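From first to last, the protein sequence lines are chains A, B, C, D and E.
Sequence positions in the first sequence follow this note's numbering and run 1 to 526.
Sequence positions in the second sequence follow this note's numbering and run 1001 to 1096.
Sequence positions in the third sequence follow this note's numbering and run 2001 to 2497.
Sequence positions in the fourth sequence follow this note's numbering and run 3001 to 3625.
Sequence positions in the fifth sequence follow this note's numbering and run 4001 to 4246.
Keep in mind the hints are simulated off the structure, nothing from the lab.
All values derive from a computational prediction rather than experimental measurement.
Hints may contain errors.
Claimed, not checked - List time: in silico DSS-like cross-link candidates among lysine-lysine, alpha-carbon distance up to 27 Å:
id, chain 1, residue 1, chain 2, residue 2
1, C, Lys2301, D, Lys3583
2, C, Lys2433, C, Lys2455
3, E, Lys4112, D, Lys3597
4, B, Lys1095, E, Lys4085
5, A, Lys404, C, Lys2433
6, D, Lys3597, E, Lys4187
7, D, Lys3597, C, Lys2301
8, D, Lys3597, B, Lys1095
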Amino acid sequence: MNFVTPEIAWAPLTPILIVLGAAAAGVLVESFIKTPATRRVVQLWLSGAALLAALVAVVVQWGGLEGAAGTVVMSGKITVDLQSLAWQLMLLIFAVLSVLLFASKTSDNEESFTALGSVAPGSVEEKLARRAGLQVTEVFPLALFAVGGMMLFTCVTDLIFLFVALELFSLPLYILVALARRRRLLSQEAALKYFLLGAFSSAIFLFGAALVYGATTQIDVAFIGIAIEIVDGRDGMLLLGAVMVIVGLMFKIGAAPFHSWVPDVYQGAPTPVTAFMGAATKAAATAALIRVMYLAFYPLEWELSWMFWAVAILSMALGTVLALVQTDIKRMLAYSAVAHAGFILVAFAGLEAEALAALPFYLLTYGLATIGAFAIITQVRERAEDGGVGAEAVRLGQWAGLGKRSPLLAGAMALFLLSFAGIPLTAGFIGKFEVFSAAVAGGAWILVLIAVIASAVAAFFYVRLIVLMFFTDVPEGAEDSIAVGNEPLSRVVIYLTAIAILVLGILPSGVLELFQESAVFLVIGG
Amino acid sequence: MNYVILAAILFSIGSAAVLLRRNAIVAFMGVELMLNAANLALVAFSRMFGELDGQIMAFFVMVVAAAEVVVGLAIIIALFRARQTISLDEPAELKG
Amino acid sequence: MFPFLTVLIALPVVGAALLWALPASARTKAREIALGVTVAEAALFVVMALQFDKADAGAIQFAETHAWIPQIGASWALGVNGLGLLMIALSVILVPLAILAGWREETDATRRRNYMALVLLGQAFMVGIFAARDVFLFYVLFEAMLVPLYFLIGGFGGAQRRYAAVKFLLYSLVGGLIMLVAVVALYFVGEGGEQAFLIDNLTGMEMSSTTERLLFLGFFLAFAIKAPMVPLHTWLPTVAEEARPGTTALLVAVLDKIGTFGMITLCLTMFPNASQWAAPVIIVLAVISVIYGALLAIGQKNMMRLVAFTSVSHFGVMILGIFAFQQTSMEGAALYMFNHGLSTAALFFLVGFLIERTGSADLADYGGLQRVIPVFAGSFLIVGMSAAALPGLSPFVSEIMVFIGAYPVAKAAVIVSAISVVLAALYILLTYKKVFTGPVLEGSEGTREMTLREKLVAWPLIVAMLVLGFLPGLAIDYVREPAADAVAYVAIEEANA
Amino acid sequence: MQSLIWLAIAIPLASAAFLLLAGKRADAWGHWVGVAASSVAFLVGAGALLEMLGESGDHPGMTLTLWEFIPGGDLNVDVGLLVDPLSITFVMLITFVGTLIHFYSVAYMEHDVARRRFFAYLNLFIAAMLLLVLADSFLLLFFGWEGVGLASYLLIGFWNQKNEYATAANKAFVVNRIGDIGLIVAMGMMFAAFGAVDFETVFAQAPEASTATLTAIGLALLLAACGKSAQFPLQSWLGDAMAGPTPVSALIHAATMVTAGVYLIVRSAPIFNGAPDAQLVVAVVGAITLLLGAFIGMAKDDIKKALAASTMSQIGYMMLAAGLGPIGYAFAIFHLVTHGFFKAGMFLGAGSVMHAMNDGVDMRRYGALRGVMTITWVTFGLGWLAILGVPPFSGYWSKDKIIEAAFVGDGWQPWVLGGAALVGAGLTAFYMSRLFFMTFHGKARWNDEVHPHESPLLMTVPMMILAVGSAFLGLFLASGDRFAHFLEPVTGHAEHHDPVIPIPLIIGLTLALVILGAVIAWLKYGRADVPEEAPAGSLATITARNDFFQDSVNRAVFQRPGQHLTRTLVYGDAAIIDGAVNKQARGWARLGEGSRKFQNGQVRSYALTMLVGVVVIALVIVMGA
Amino acid sequence: MVNEVLFWIVAFLTVIPSLALLFAKRPVHIAMSIVTVMVGLAAAYVGLGAPFLGVVQIVVYTGAVMMMFLFVLMLVGVDQREDLKETIKGQKWIGFAGSIGLAILLIAVIGKVTMEPRITGVEGNPEEIALQLFSEYVLVMEVLGFLLITAAVGALVLTHVPRLTPRRTQVELAEARVLAGANPVNKPMPGVYARHNALDVPALDPEGNVIEDSVSRVLEIRHQTQDGAEFRAHLENPEQKGGDDK
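Whole structure, please, built from the sequences with the hints as guidance.
This is the structure in structure tokens:
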């Protein structure tokens, strides 16, 4: 027994530690503070403070890494480099915004989450719990766990750790999805589907990892890349393993044909969760996919390129075409997310260095717009029977005339939609431009052309909503009248994201610079 | 390699269970079988390479799987409370 | 050097922002504010134009180059040569007139405010596009332009305006996105770097002919949709029918010129070989546009659609002039871009005034108005005759320059296109006959004669057309050298080939 | 004064603009402004003519460059006025006849509410017409060319509250524009061949150009001339153009504008001289038209339409002459001038008659007006004698020369062309006499409501002046070939050629035919009773009455198919081009609806999708590798 | 050789029961089969030189995970049977085809690989594993801790139903009863004759009449009461045999 306490460079992990630590503390808060209202406030402040602290920590890290490639923590299990810090920064921004959304209430003091997740929806107990002022304040620590997992996901460089991180951010999400305040039956259904498919895909990922391990004798991504070039005779197994690992990540990105959970879960989940998931999961998974592709599987680029092409095209086509026929706004945005997954994968064509700067920017713009758009959805409500604020008005028809009633909300929504569509002067355009540049650099201009056609078709359904909001008058006495509760927290989120989308669309230079700086990996050589 | 092939077979059986069984718990057991199959492969490889990494991975997988089971079963129970059934055919309102 | 162009772009944006920031009580003054802003813009432009060195009209003047997004090679690069100056002139002239023309169209103060703000925004983009010296900037503005326009079309106008707006947007977007691919590819074809997209850095590039052709097509398609070329034209009549006459006037008179402008300043300079390669097909399509547009104009019952189709025909003439690669035809095409702007805008405005009176754009709802409103009728006839390229009015000069100039290289095309002079006479005269001659239609005896405001809108345009009709040199001086440069690009490549 | 000739254009133009813009306050006196403008133009022209005549030697004319029109570039066009014998001849004709007609119109249009506008249009016409003849380049000529077209359109449609008048105006403009294609194409050809479109450069280089080029240009110019001068096959508009007020018919559709085609051909002499084929076509077109016009004239009962047909026919003569080359140019212009006088005079006479007959135009309702309208009868009679070519009246001097010239040449041409001219003379005599007798002789066939009376002096004086011209101008100009010499700098010197039959014989034959025609007309329409309703008539009469079914042919060949084409295209545009786009849009939606089935809400089937995806991708990649 | 035999045993022990996942109807049977599979896998681990994992497998899977499955199965109804008839068109065949395809693909790919086991000496004994776990993999271990917290919290959120109404005190209960109109006084006791099982015998008032309330209503409904006449008779006739009088 000659155990030596391992030397761990804790400093680079501070952001993650802060977030996970705050999550654990949040769990303690749950048990020690009994009054739900107080608990909620404490949780909100705790999470917010933790996330901001982590944000600061990331920035400090970034400053510390100026010029250096990064830090290897724990003999290659974790690598904190500028690339991962960039993603962490983005995730933290998404998280802050999402937490604000999680906490926001309608003017009727109604939250987005159920009062009690364990009882049947619509039951007497639920009503009692609501009357008792119960709140599932566990959503805050759960969200923090997810954020921590995602942040880890961006910097772990070991297949098994990747698996653990994957589960760490997935499990809280499965739970969060099930906790909608209204339409909880759908919410639970979504959770079940998300969970089963998620577990299924993790299993696939894991088996792939096992095969890759078998083929290369390595589980560290960087070593895998090296080993692929050395080891031979195991090509089939390696390729199959690689495919399965990538499928596991693509599932999280939401690319077709691994997308089927996306519409159902986006629609069923509580809208703030959808916002968080839509923005953050995609970003984290993309970050991991980048690392895996650029560090481990790059020698297989030629073989795997077909997969990327096929999946990208299928995602763009399916997402676009299906979004065209949706009548539920959340579902429509979900399919649009599938299409965007396709655009993300377009950048992987050729595995060019350009993609390393392009993808973070794209995900940032996409994530901000997603959070903003879903935040607006939380604001547009049906009128309840008692005249108060009802459930979210998710049928597209209910959005008619919003531009007249609340021009600011509708304007912001239009902005986000235009950003999704990639219209210039919104961030989405620069993102799209970057991604297409990366693909063209990789010689995949045909893929870009297909992407472009998909964008054109996609514009139709984005535009349709704009038409509804601005150019359609609500028929007199229509039942779908919309009341917009005044939720300061959501409003803050909406305005922040809207401003960000505009600024990133017009003056993206600084952020682009940042991401270009981050387009380097710390590749450990031994 | 035999064990790896065995693992592949188990993995396929597990996946088939997910595809074919309507009982949520059974489908979930299929997933568990898939994870176990992966474990078997890991351990087999570990044995072949004469190192412990595979074993340790398998160990982690077990822990993760346990956590996953907890959450999964909790979701299933919550759903059962609401619907009085655990059939997967039933909750299919989200579609299209 | 005062950054004229930047200020010209910024001023309307500020104006629009101001309008949106107006408190509800001040919204009724939106028209006046918007008009004031555009007049200020025009005044500023005049100051700038006076400093323009006409003797060196081919050179880029008032150039400003600032790093914008160096990471992707985009710069905030502005500058105009004579052609750009004319195009900007067109937009600063027409926007205030459009505002004045639509003075009474909207009664709701908020909607009116929105309309005015969007028009201002549109103006900023228009000026920007014509001043852009960076392909990326050009593209950004080109696409961003769609947004205010989309709202202008979809928010204000006829019953089917939503359909029209969507159609417009999707058509433009398809073109624009395909162009985007070309823009992206351009970065890699060119030398890259922080100023990769400066047009000056992109001319005279070495590339394989396949690449050049593909890139050319990417750009050209977008421009062909903008400058409605058969068979990519169908969005225009729909939009014209549904949108506000003021909107349509700006759209057709100024915005669609981006298409032809882009062909000259981007396609020809960056892809001279491919331009030559494609010229025969393009000329055929242009000729088809000329005749097809005219024939369809004759067959229209709705005046707005009719005018739209006449524009399809006229754009055909411009494209013919451009792709004949002759000095005279190029000058003619460039000049036509300006003149057609005056003429078509005036025509749309006048039709708009008629619609304002009766609420209908349908020819069947009119008759014998000359007896009732002779001044209006006279103005309409003059403007109509300008659309038919009657000598003495400026469009004639440009049209004849295209025909004469292109004849040496495109005989058949010119001969067939020349048929359009007959068709043009037909569509204008038939319209005039239906609306203004014959017995006075029952119920229209009390139709209001041209008001002062309407005169203020239409007559400056008529005067401008008359002046330029007799003294086209005033404008030709600005386009001669740019045209010569454009021709030279193609010719140099020819010499190399 | 030559250097001030631009004033002749500018003043009427300014006057036109003034009259249009002045508004109602100028209603009372505006017409006098118009008259003054026209008069000044005449004075300027006259001054220029005197100055030119005062110059010694040949009259090479002078070019007055006003400003650069299209500067720089490849195409360089100036706004320049060419003052030479040919143009000054036209200036005089236009301003003189024009001014007279202005005066006439003051009275004729007295009761029209829009008289001011009428004068504005007339002034506009004068300016445009002067620009046409004074231009020193084809491009500038085109300005005037289209300008007169516009004026003609405006004036034909002056009473456009009547739909058929508006249609007539449209028709005139559109048919003219068909001709304009020719001019545009011709300019293109000139630019291609000579790099310029001004007379000087083009004519200087024309002799060196290939015959093919010149023929092509010539034919294109002929097309233009046909449109403007109502020559076959573009003659159909002229009859309808009579919808305009009669002074307009006199000025534009008789004396000046319609002869612009002849001017164009003569002006382009250097081109035609090098293109004998084109010349032949010109001559043939002229011959056809002169006969066609004559036939139509014989059948018309509408006095103005009959006169219009006559105009067409007479211009046919001029075209025929112009097509004969240098020997004919001078005669073409000569006839043009004399025709300008006598035809204008007759039109004014017709106007006077209509004035008396409550604007009735049907000659079958006239008759025996000699007694009531003596001045008109006399002036009209002089015009009649002139057009018949009775010596020594003006028409004789010009027309007879054309007939003689037509008989010059080799092969079949002199026989056919000369024959046509000869026969035409006889026909002319018949239909003009028919017109004259039906109107002024025989029995009075008018209603009781009509009270014929002589027109006021303001109308009759111009008629008298024109009558004097009809009578003596020809003699004056023909004596000593004065006019031909005057024009020589432009038309070139014509060598004397002998016709295929002796000249006296030609003269004799002509006179015989003329007398024959007149006598027949007298027998039929002077002495005999003229039925008030037109008899059914033979097939030939019907054919002629219907303008040789020109309208029907046009309708069947151009209008109807055109309408069908337009309608088809409008439909096709919506259904096919637009339809394709819409259909494709709907296709996407249908694709979406179809794909929806796969998203069936069943988690098992989602898993299946994933698994199949994995298997397929893996299979492809593993097999591929 | 031993290994060979062990492998085949393991193979049978795992593949055959796992097929129950596809074909068995009762979930409980399936769960038990999976337990068998898990045990088989544990054996395999032992055979593969990973005894520690073998033990953990038994403890975690058979001991914890599968038992949890069984609990949940019980909770939702043990005797549920699943109808194996497929409801989604094509699902069965495509599903089978997909899985079999996957299996074939995997086997084909893996079968191609030939690998010589390098060293067979490394044993996965707990010490070695612990050393690695707490040095190289210590961070993973710690993250696993968070994972477990998440799972626990999640399970609580989704399943734990707290007391939603405060527990009512006896006083409150009594007051509620009075408010409901119940007789505040105690019911009379039954069983006049204490010698017998008197619950079914009504009490008698001083007049000897039966007090109906003194007997449980349930007994009355069941007709299990006695009217007391017999006992009264017995009272009058003490000689008669009636109980075990002392």
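Inset, instruction - Kindly indicate which numbered hints from before are broken by the structure, ordering the numbers from low to high. - result: 3, 5, 6, 7
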